[in-house]
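A.B. asks: If you read the protein sequences in the order shown, they are chains A, B, C, D, E and F. So for the first sequence, our numbering puts the first residue at 2; every next one is plus one. So for the second sequence, our numbering puts the first residue at 2; every next one is plus one. So for the third sequence, our numbering puts the first residue at 2; every next one is plus one. So for the fourth sequence, our numbering puts the first residue at 2; every next one is plus one. So for the fifth sequence, our numbering puts the first residue at 2; every next one is plus one. So for the sixth sequence, our numbering puts the first residue at 2; every next one is plus one.
Calculated from the structure, these hints are not laboratory results. In this text the structure is predicted, and so the values were computed from the model without any measurement. The reader is advised that the hints may include incorrect statements.
[What the hints assert, rightly or not] BS3-like mimics (lysine-lysine), calculated; alpha carbons at most 30 Å apart, straight line:
id: 1; chain 1: F; residue 1: K164; chain 2: F; residue 2: K136
id: 2; chain 1: C; residue 1: K60; chain 2: D; residue 2: K58
id: 3; chain 1: C; residue 1: K136; chain 2: B; residue 2: K136
id: 4; chain 1: A; residue 1: K60; chain 2: A; residue 2: K41
[Unchecked claim] What follows is a list of derived Cβ distance ranges for each label pair:
id: 5; chain 1: D; residue 1: P9; chain 2: C; residue 2: K58; range: 26 to 32 Å
id: 6; chain 1: E; residue 1: A240; chain 2: A; residue 2: S7; range: 26 to 32 Å
id: 7; chain 1: F; residue 1: H127; chain 2: B; residue 2: T73; range: 24 to 30 Å
id: 8; chain 1: F; residue 1: L59; chain 2: C; residue 2: L133; range: 55 to 61 Å
id: 9; chain 1: F; residue 1: R11; chain 2: C; residue 2: G137; range: 47 to 53 Å
id: 10; chain 1: E; residue 1: G102; chain 2: D; residue 2: Y17; range: 42 to 48 Å
id: 11; chain 1: D; residue 1: E70; chain 2: A; residue 2: V175; range: 44 to 50 Å
id: 12; chain 1: C; residue 1: R35; chain 2: B; residue 2: R210; range: 49 to 55 Å
id: 13; chain 1: B; residue 1: G214; chain 2: A; residue 2: V175; range: 53 to 59 Å
id: 14; chain 1: B; residue 1: T73; chain 2: E; residue 2: A33; range: 29 to 35 Å
Every residue gets a Cβ at the ideal spot worked out from N, C-alpha and C, and that includes glycine.
Number of protein chains: 6
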Amino acid sequence: MSEIDSAPYRIAAQPYYRPVGNEVDLYTAAYAARMPMMLKGPTGCGKSRFVEYMAWKLKRPLITVACNEDMTAADLIGRFLLDINGTTWRDGPLTLAARMGAICYLDEVVEARQDTVVVIHSLTDHRRTLPLEKKGEVVEAHPDFQVVISYNPGYQSLTKDLKPSTRQRFGAMVFDFPNPDVETEIVAHEAGVDSITAVKLVEVAQRSRNLRGHGLDEGISTRLLVYAGRLIAMGIPPADACRTALVRPLTDDPDMQDTLDAAVDTFFG
Amino acid sequence: MSEIDSAPYRIAAQPYYRPVGNEVDLYTAAYAARMPMMLKGPTGCGKSRFVEYMAWKLKRPLITVACNEDMTAADLIGRFLLDINGTTWRDGPLTLAARMGAICYLDEVVEARQDTVVVIHSLTDHRRTLPLEKKGEVVEAHPDFQVVISYNPGYQSLTKDLKPSTRQRFGAMVFDFPNPDVETEIVAHEAGVDSITAVKLVEVAQRSRNLRGHGLDEGISTRLLVYAGRLIAMGIPPADACRTALVRPLTDDPDMQDTLDAAVDTFFG
Amino acid sequence: MSEIDSAPYRIAAQPYYRPVGNEVDLYTAAYAARMPMMLKGPTGCGKSRFVEYMAWKLKRPLITVACNEDMTAADLIGRFLLDINGTTWRDGPLTLAARMGAICYLDEVVEARQDTVVVIHSLTDHRRTLPLEKKGEVVEAHPDFQVVISYNPGYQSLTKDLKPSTRQRFGAMVFDFPNPDVETEIVAHEAGVDSITAVKLVEVAQRSRNLRGHGLDEGISTRLLVYAGRLIAMGIPPADACRTALVRPLTDDPDMQDTLDAAVDTFFG
Amino acid sequence: MSEIDSAPYRIAAQPYYRPVGNEVDLYTAAYAARMPMMLKGPTGCGKSRFVEYMAWKLKRPLITVACNEDMTAADLIGRFLLDINGTTWRDGPLTLAARMGAICYLDEVVEARQDTVVVIHSLTDHRRTLPLEKKGEVVEAHPDFQVVISYNPGYQSLTKDLKPSTRQRFGAMVFDFPNPDVETEIVAHEAGVDSITAVKLVEVAQRSRNLRGHGLDEGISTRLLVYAGRLIAMGIPPADACRTALVRPLTDDPDMQDTLDAAVDTFFG
Amino acid sequence: MSEIDSAPYRIAAQPYYRPVGNEVDLYTAAYAARMPMMLKGPTGCGKSRFVEYMAWKLKRPLITVACNEDMTAADLIGRFLLDINGTTWRDGPLTLAARMGAICYLDEVVEARQDTVVVIHSLTDHRRTLPLEKKGEVVEAHPDFQVVISYNPGYQSLTKDLKPSTRQRFGAMVFDFPNPDVETEIVAHEAGVDSITAVKLVEVAQRSRNLRGHGLDEGISTRLLVYAGRLIAMGIPPADACRTALVRPLTDDPDMQDTLDAAVDTFFG
Amino acid sequence: MSEIDSAPYRIAAQPYYRPVGNEVDLYTAAYAARMPMMLKGPTGCGKSRFVEYMAWKLKRPLITVACNEDMTAADLIGRFLLDINGTTWRDGPLTLAARMGAICYLDEVVEARQDTVVVIHSLTDHRRTLPLEKKGEVVEAHPDFQVVISYNPGYQSLTKDLKPSTRQRFGAMVFDFPNPDVETEIVAHEAGVDSITAVKLVEVAQRSRNLRGHGLDEGISTRLLVYAGRLIAMGIPPADACRTALVRPLTDDPDMQDTLDAAVDTFFG
């Protein structure tokens, strides 16, 4: 069991990550305490990239699971598969991470049914074990193993929330979009546009974020700003680029589209 | 893995597509930026044909998935199948497209459960990877790979909508029926009728489209106009052809049928 | 693939069908245009028999699928089955029909979940292809292939209806019970009763059809009239035959049964 | 296919059945016309036994299916099973009956989901065929084949009813408990009690049947009367026998039990 | 088939059962008449033990099925399993009991979905047969076979009840907790406490049973009294023993716990 | 069967457990009586650790099952798996525990569907047997076997509760967070902080526990206090450590976060 190959899960190159506060120190201490961590924040604000950056920095393999409602406990833990010698066991990503000492990252954890999520409980308290009931084995987690989960508290429905008994197993860090200066720097760097264009794009995004809860579920993310910048860098007229990359994806509501188009025209008209 | 045969997914002949604006340039730039794209517009307005045309023009293979509510994550990603040597893995269309560098087109994406659609998330952000958890492999997308989705925002129920965290990964282009002149040209070309007949058919369609939201979910599509034209070209009396190809398919409501029949009689009576 | 045996799907003998209008010419033109067709009308009015008649007349094989809510996309498209060499693919009826150039008839299509029905979309627009995603094959429809669907718009619940994006792919023909003279001829011919008895049976049916929406979901069908006629031809007293074949099957409501029994007694008392 | 062994489905000995009207002649004619039949009536009034009797009298094998909500189309039609040579097809009871020329009796048909029941449609109209889509075979029904269904219209909920398109395929016969003289004869014959006791038991049952819809879903059936009679014949005090076999099974409602106990005491106190 | 080994289902030693009325004679007669039986009464009042006692007394094997909502018809009847020669049939407990002539005891039958329970119908009327549709076999029940079901009518929800068509197949016996003198004798005998302690425990139970329907679903059962007695016999202070074995298990409601604690203190304070 | 290896389920080292009352004696007596036990109390108050401690003290193996809504009866009991010789049976954790004489601990039992939980019934009354219906075996529990269940009565929804027929099989012990002195000792011991810091952390927790039912489902658990202490011990500023480990995990509600942050600032500001 000690020869599990972690190479496919190693982060080869340093991911681009722009710290915005003490989050790196805090996570480093949390990892040292092997405290399971919960990252909260809106879509596209950089939670996934932060985990990649920390896995790279801490030199740990990273196993990411994109949670969805079809996900079963077996998808996390593993299952028996049939081959020429009969059924053989194949570890799921959670089990693999526990054996290997990886950071296991459950992305958008509230998308999973919370009845599935409870399988992480015994790995996230003092036991740090995972019973493979179907296999009759109890896996002791590797000393370097840690569970990280992320979700967006902003638009979850009432029926999708973590159970209290799950929450009580995690420390939590709150992420948000970076402040305008930092975001401008990120957009300019990733999209390859000048800082004047980047400033304008960030202004448009700010407007949209003020509409959260007033007709929009979410505001324009940093990720979409980078896309808009790339279109502009390729010669698409800025207003067309903004409509394509920022406004039309966000909403089907004609009034809301008009409002956002007006914001685009203010800066790029 | 590098020898995947993309031939079955190549578009052999140039598809008939009549541009109506700057959509070809915009898509070309979006593809160059590898921005995932979302095509919005009513049924039968030409979204699918546009994607075929662009795949042909960009010389990329095209893998189309007709989304439906039964579709599972495994239908997109792949699954283990049993053969004489036991279970072997078979890539799903999304995985195949990611390996091959194809355009992967998820047609009518809101028909799928949105909990299934989240499997595209890691392919549509900076990661451009697809974890095959059941297989223990992480697929890096080919540099030419792109995801395109389409849907009709017009008649979706409240319970069928894209998640904000999905929307935020796409640029968006809006399609509608072509303007009357262009539509007349298309109907005449595809149905083989004279332009006077084509003009009248387009007039009937316009009337029906004004009834959207007033008893009709959708107006008559260009596709149905072509069918009506073909029946007329084969000698079916035009009013019969219109009833068969335009009115009866659209609605079971007797009042709405009378209204549409009257429109037919205005032009073909 | 070119050697598919269509013999089991050929209509050997000319089915008895009594045209009531221009439906044969209209369908012939629609088939020539390879327009997918939708047949609408009440239970037992002859839609299925019309399709059989046209398949016989056009010399095409006919593959019928009785739709039901359990039907999955795999039931239409096909699936992998296990045999001694492992899993082998077996075409479903839709795939088989597409390869063979058959008329594929989806009977009572609204009984299927509409999320299943969307698998016919790519076969019913300009593409005329069927992607077999699980098999990694794209089937090009045979030039003679056509899809026909039927349903009864009369008693469908609000939750069972075709999607607009499905409707927009079909021409439509409306069927109803034949007029009294034609129906009398049919009943006399098929049941082997004299025309006086046939006239009376048709009169009883007319009365019941006037009760549609007033306590009855449907009126007495031609098919039940033929059964009643056969019982009479075997010597069962006509009133007993009518109660058994026309009244008792139609409703469990005692008041409605009394009303219909009175109609029977008017003609056969 | 012609060598199917029908022996296990033959009724060896004449079942005890006491005709109460013209039901034997009517059924004989219906069978001669191969009209599918529907038997309606309360639980325990003799529908199942009547079918057995007619199968015996007509010298046809009888295949009974006890319908339930878990029943799938495959349970009726058949499925592929795996054996040493791979998957082999096994006919379901409906298919077996169609090949063999049996009477196929779907007992308590409304217990099945009506979406399952539609698989009988093509066997119950002029087609008399059963497409085995999974197998790629179309079974032509044996000339002696007939479908019979039964149900109890008395206590069905609104959500459980036959579809109109199913009803329109059947003739119908209505059953009820026999009249008191006949029922007394049956109870005395089957339970082995004297006719005075049998009369009293039938009187108790009559009282309970008057309570249908007034606190009871059903009255006491002939079957329970026979059980009560047998307990009495074995020396159990009649009042105890009636409480055990007639009252306690019927209801958990204390008031209703008191009412029925009083009826018992009136005749056996 | 005649060599089925019934040894594992034989009751080796006489179970402790304390008759409280004529239930042994009544059941003996019911079994002699092969009348299916229904045992009604609250949890823990001795229904299961009574069946064991009768099976021992009548020298019949006993096959018990603990009903639950996941139970399918196949769990009762049997299924095909795969072994080295392909699929082989394995009888379920109901089939096994029918072949062996056992008493088949469906414990807590309303926990099963009533659509599953209908599979017992043909074994509980004059037919005494069980069609194994998947296997193509009709099992004739052994002459000694009998079906017994139990349930608790006290706290069943409205959605969980036996169908009338199921009820009509059974005789019924009503059980309740024994009278105080008998219950005291049982508690003293099974827990090994003196009769003064047993009397007090029974008094506490009586109080709780008066609260049925007034905040408690059920009162304290004889079984819990025996547990409390055993704790006392091991030296646990009686009030602690009562809180642990009688009060805390019964309810999470603090007010109800106070009421019951007060009853405990009255007798053991 | 007697050679089951219990070694993987033995607790090697004495778990840290700080008794807070007579719970050790009470459980010891309950185990001696083989009374099934139910442990009630909030998340993170030490129920799981108590069971581990008792298993270690009583020298019994411990098999823990983390209950979840996907859990089926087969997950507890066992199932047939396919290997090179066909299907072989694999015991589930409940069956394994019953054979081995382990303590079987169903953690968070109300997370399971209560229809699954009924499979423990025959192991938790006088029978102490487990019928393996699919295998045709009746397992007699080892004399040392005991079932223990836990749950949190505080935040269960109305739809998640134990059935009365399940409750009546268990003795019950109520757990809560330890008193402040004991909790301070635990936090200081496990986190490695001085007692002044530990006192303050416990004070913050007390405040949060007073908010239960007033905006919080649960208060801060001892487990989270230990995490906060570890972060402080690693040099993270105490207020940051408390926000990360105590406040942010507990709630997404901004008002509630402000209230808790204020409590943190009172003690660590």
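A.B. asks: Hints first: check each against the structure and report whether it holds.
C.D. replies: Here is what the structure says about each hint:
1. F:K164 to F:K136: Holds, at roughly 27 Å.
2. C:K60 to D:K58: The given pair, whose Cα atoms are some 44 Å apart, is violated under the 30 Å limit.
3. C:K136 to B:K136: holds, 18 Å
4. A:K60 to A:K41: Cα-Cα ~23 Å, so holds.
5. D:P9 to C:K58: 26 to 32 Å: For P9 of chain D and K58 of chain C the Cβ distance comes to about 44 Å; the hint is violated.
6. E:A240 to A:S7: 26 to 32 Å: violated, 58 Å
7. F:H127 to B:T73: 24 to 30 Å: With Cβ atoms ~46 Å apart, the hint is violated.
8. F:L59 to C:L133: 55 to 61 Å: holds, 60 Å
9. F:R11 to C:G137: 47 to 53 Å: Between R11 of chain F and G137 of chain C, where Cβ atoms are some 51 Å apart, the hint holds.
10. E:G102 to D:Y17: 42 to 48 Å: violated, 24 Å
11. D:E70 to A:V175: 44 to 50 Å: holds, 49 Å
12. C:R35 to B:R210: 49 to 55 Å: With a Cβ separation near 26 Å, R35 of chain C and R210 of chain B fall outside 49 to 55 Å, so the hint is violated.
13. B:G214 to A:V175: 53 to 59 Å: Given range 53 to 59 Å: violated, Cβ gap about 42 Å.
14. B:T73 to E:A33: 29 to 35 Å: For T73 of chain B and A33 of chain E the Cβ distance comes to about 56 Å; the hint is violated.
Hint violations for this structure: numbers 2, 5, 6, 7, 10, 12, 13 and 14, all remaining hints satisfied.
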